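**Student:** Let chain L serve as the given structure and place chain D on it in line with the hints.
2 protein chains.
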Amino acid sequence: MAKDSSGKEEKKMGITAKKEADFSEWYVQILINSGFIDYSDVSGAIVFKPDSYFVWEGIQRAVDPLFKKEGIQNVYFPLFIPEKLLNKEKEHIEGFSAEVAWVTEAGSSKLDEKLAVRPTSETIMYASYSKWIRSWRDLPLRLNQWNNVVRWEFKHPVPFLRTREFLWNEGHTAFATKEEADAERDPILGIYEHVLKDYMALPYVKGKKTPSETFPGALGTYSLEHLLPSGRALQGPDWHSDGQNFSKAFDISFLSKEGKKEYVYQNTFAISTREIGVMVATHSDNKGLVIPPRLARIQAVIIPIYNNENKVEVLKYAAQIHDSIKDDFRVMLDDDDSYSPGWKFNQYEMTGVPVRVEVGKRDLDAQKAVLVRRDNGVKEAVDVASIKGKINEALESMHRNLYDKAKAFMDANTIAVQTYDELKKRADKGGFMQTPWCGSEACEAKIKEETGLKGTNMPFEAQDKAKGKKCVYCGNEAKSIVNFAKSY
Amino acid sequence: MAKDSSGKEEKKMGITAKKEADFSEWYVQILINSGFIDYSDVSGAIVFKPDSYFVWEGIQRAVDPLFKKEGIQNVYFPLFIPEKLLNKEKEHIEGFSAEVAWVTEAGSSKLDEKLAVRPTSETIMYASYSKWIRSWRDLPLRLNQWNNVVRWEFKHPVPFLRTREFLWNEGHTAFATKEEADAERDPILGIYEHVLKDYMALPYVKGKKTPSETFPGALGTYSLEHLLPSGRALQGPDWHSDGQNFSKAFDISFLSKEGKKEYVYQNTFAISTREIGVMVATHSDNKGLVIPPRLARIQAVIIPIYNNENKVEVLKYAAQIHDSIKDDFRVMLDDDDSYSPGWKFNQYEMTGVPVRVEVGKRDLDAQKAVLVRRDNGVKEAVDVASIKGKINEALESMHRNLYDKAKAFMDANTIAVQTYDELKKRADKGGFMQTPWCGSEACEAKIKEETGLKGTNMPFEAQDKAKGKKCVYCGNEAKSIVNFAKSY
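Taken in sequence, the protein lines are chains L and D. Numbered by the working numbering, the letters in the first sequence go through residues 2 to 489 in order. Numbered by the working numbering, the letters in the second sequence go through residues 2 to 489 in order.
The following block holds chain L by itself, in its conformation from the complex:
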């Protein structure tokens, strides 16, 4: 392994599991054996190594300026939340209480009151909002935090997808009217859609969650849902309309222009490091990681191929190419003498570098280089004079290809289902089952109980198909189309 300071082990095991045969084992192998993450001494918490943390920084770099443009400011609230405060909104705490980690001691003293390690920050933020918001002039208040949260799940942990600590943004906004609050939904979801599509190369289904899957205490949750290669669904970024639920519990009220006391309308929204797991699982293959070019810490690696006779001139040529593009891409020259080119090819395929640049004596003589794309293995000999444009093309084309492939997979596994028999029959096959539903929580609960399928969301784009349909369970008039799926 070349000397870069990413902390990779010298010798790594390769990827032995197959994505199509044993998804779970394959997923862990591509993450651990490639040096993308590592396990830690804390069960259920992972170490983000440089390549994975770089992805998270890339997501922040994409999202944060758009939040600011939207008028949202960043703040930072304390990690700890006093027990009394956490318990202030009943429905909310019920959603989290089983997963809260508690600080009870400091130094050698027992604390007077237990402190929760934040599972989310509504309660501590809204205690401040109550103080800060007095009049209509103080609105809207649109704040966001980038931080770490802890949810001590007892289910089997899965890197990124189910970890006890994760990183996220939590946006918390307050408005004078429901109309203004609702108008925030599309711009915020639009920012998340942008980062999913244009950075992570991920497709998604946008829609409203069913009431039983709505955030505890919220009026409505809107989500972008993913379909993993295993056929299971996983919820991506979301936006919650919290109405006046919290503002009444925390007395976040204001004097209106007319001098009346009113409660604010609130929203919350988040994208988390969970998304990195979706990205990696979606694009990677049996050789290892595939990282979309805009989020790859190293976008291109130059590998010189030489023998004793031509070593000096080939290395010089490789270094010239490196210098000519190093301001345009995140590029690395691997001139480590002690590994063979073949070993390096495998290594960088495993770590997911988007483009490999091979340069040997023949390339030097012809003033060429060979570009190899990580996503499809396509090789192209290019003139060194045009290498910058060619690498750029390869990266752009790879991004589109990753998105298109993932979208095609999702589309192929999205099936309209009209009868309960069919739903039951397909339940274990994976994918989204677009199913007419009457809107009754009882029907949804029965479906879940009998098939293991959960309502992921009600896709915006499929709602017109509900017209004239019957609920797949009770046969009453359908009110909406729900994407049922087995979920993570």
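Think of the hints as simulated: they come from the structure by calculation, not from any bench. As the structure is a prediction and not an experimental result, all values here were calculated from the model. The hints are all genuine.
Same chains, same names: a pair is fine if it fits in one copy or spans any two.
Below, simulated DSS-like cross-link-like pairs (lysine-lysine); rule was C-alpha separation at most 30 Å, straight line:
hint, residue 1, residue 2
1, Lys-369, Lys-327
2, Lys-391, Lys-69
3, Lys-156, Lys-85
4, Lys-19, Lys-455
5, Lys-345, Lys-132
6, Lys-261, Lys-345
7, Lys-115, Lys-85
8, Lys-207, Lys-70
9, Lys-391, Lys-70
10, Lys-345, Lys-262
11, Lys-345, Lys-327
12, Lys-89, Lys-115
13, Lys-115, Lys-156
14, Lys-111, Lys-89
15, Lys-19, Lys-406
16, Lys-317, Lys-70
17, Lys-20, Lys-487
18, Lys-20, Lys-132
19, Lys-70, Lys-389
20, Lys-19, Lys-132
21, Lys-380, Lys-391
22, Lys-111, Lys-91
23, Lys-327, Lys-317
24, Lys-91, Lys-115
25, Lys-408, Lys-207
26, Lys-425, Lys-156
27, Lys-111, Lys-85
28, Lys-198, Lys-69
**Tutor:** Showing chain D alone in chain L's frame:
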């Protein structure tokens, strides 16, 4: 207060305490009453509101790219550290054990092993370093985290300067040889010097700490020390040479090129949100905050001054000026009708906006605007055609002025002291006392006990003055010059 989403209260108290008369009370008033921070329901932890969090983001934006250029990669390690791991290096844990917050419960279960909320991450990171580093090829390993840490101090908390949770960077690097490890010191301290001087407008004293003030377990600590307006010293960013102390405790060893097992040499370094307190305390005045222009969330505020007759044309003129510079500066137009210009002047002086732009009917007629600098109150009428250059000049000049004033204060309060009598006499007057010292910990301890003065560091630039001097306490030959001071 104009409508910006920074969460400011409608009515704030002004600043009643005087910096020179009651520094502590003044310090809290400028932070709280200006809306820069707020207290929270967790004692000793503060809320970073938009203006203060923006400063921290600015520090990160300045430091992080320079770390990356230096070859340091960002990572993220878990927040929790199992008790056994934390106890692995004896000296280290002794330095922190009194301040560790412990998680002992999750949900309704008691945990099998207590988990420390990280006070710093050596122990959890080095458990991984031990796995990751196998051969000389894996070195250097240079990683950094931007994260939150908790140190549950029982002393009276002071916003930024002494808080139970703070934000920082923690750099942790490992090298094959002591020479390579030592060579990291100047570049890293140089990065911190850059952000202090060129962003925060803060002077500092660079030097080595005395052994008794060295980081627990380290061979040497090098620091940038500040002098607060109160005359008390406060330690800024630091860099620690940890030698092989941790590598031996955690078995971070490697096979050298010659095939021998060797232990790595390690360094650590940090800058924290404490620095924001130093910045604010240093520059601010009895009207409120003064924020150095490069870290101010709002760099210029435009305030239109009009009456009913000329309102429309003045507002239009103000908007034109705003639009003409909004891509060049972080600028805000405050056209809120319900507050008087005078009220606004006070308000933005309190919140520390570097430049105020006043525009009235007379300015419109003359195609002028009046710039008022926050640091010195100087007013200048400028042609609207050249306003961009003039604001830029004002911001640059303000930055230099803040630095120069702070540097002059520090220099004026840095006194060479040759006798113990003089040291005792000056002890309560504040400032750095440059004192010859023999190098004995006993002398330093006695000085501290008898005068309350602590050795801050041994300034690099003052060491040539030790030659031929006697230790101020024991009279033996002086080995170095120590800056003694009362410290925070």
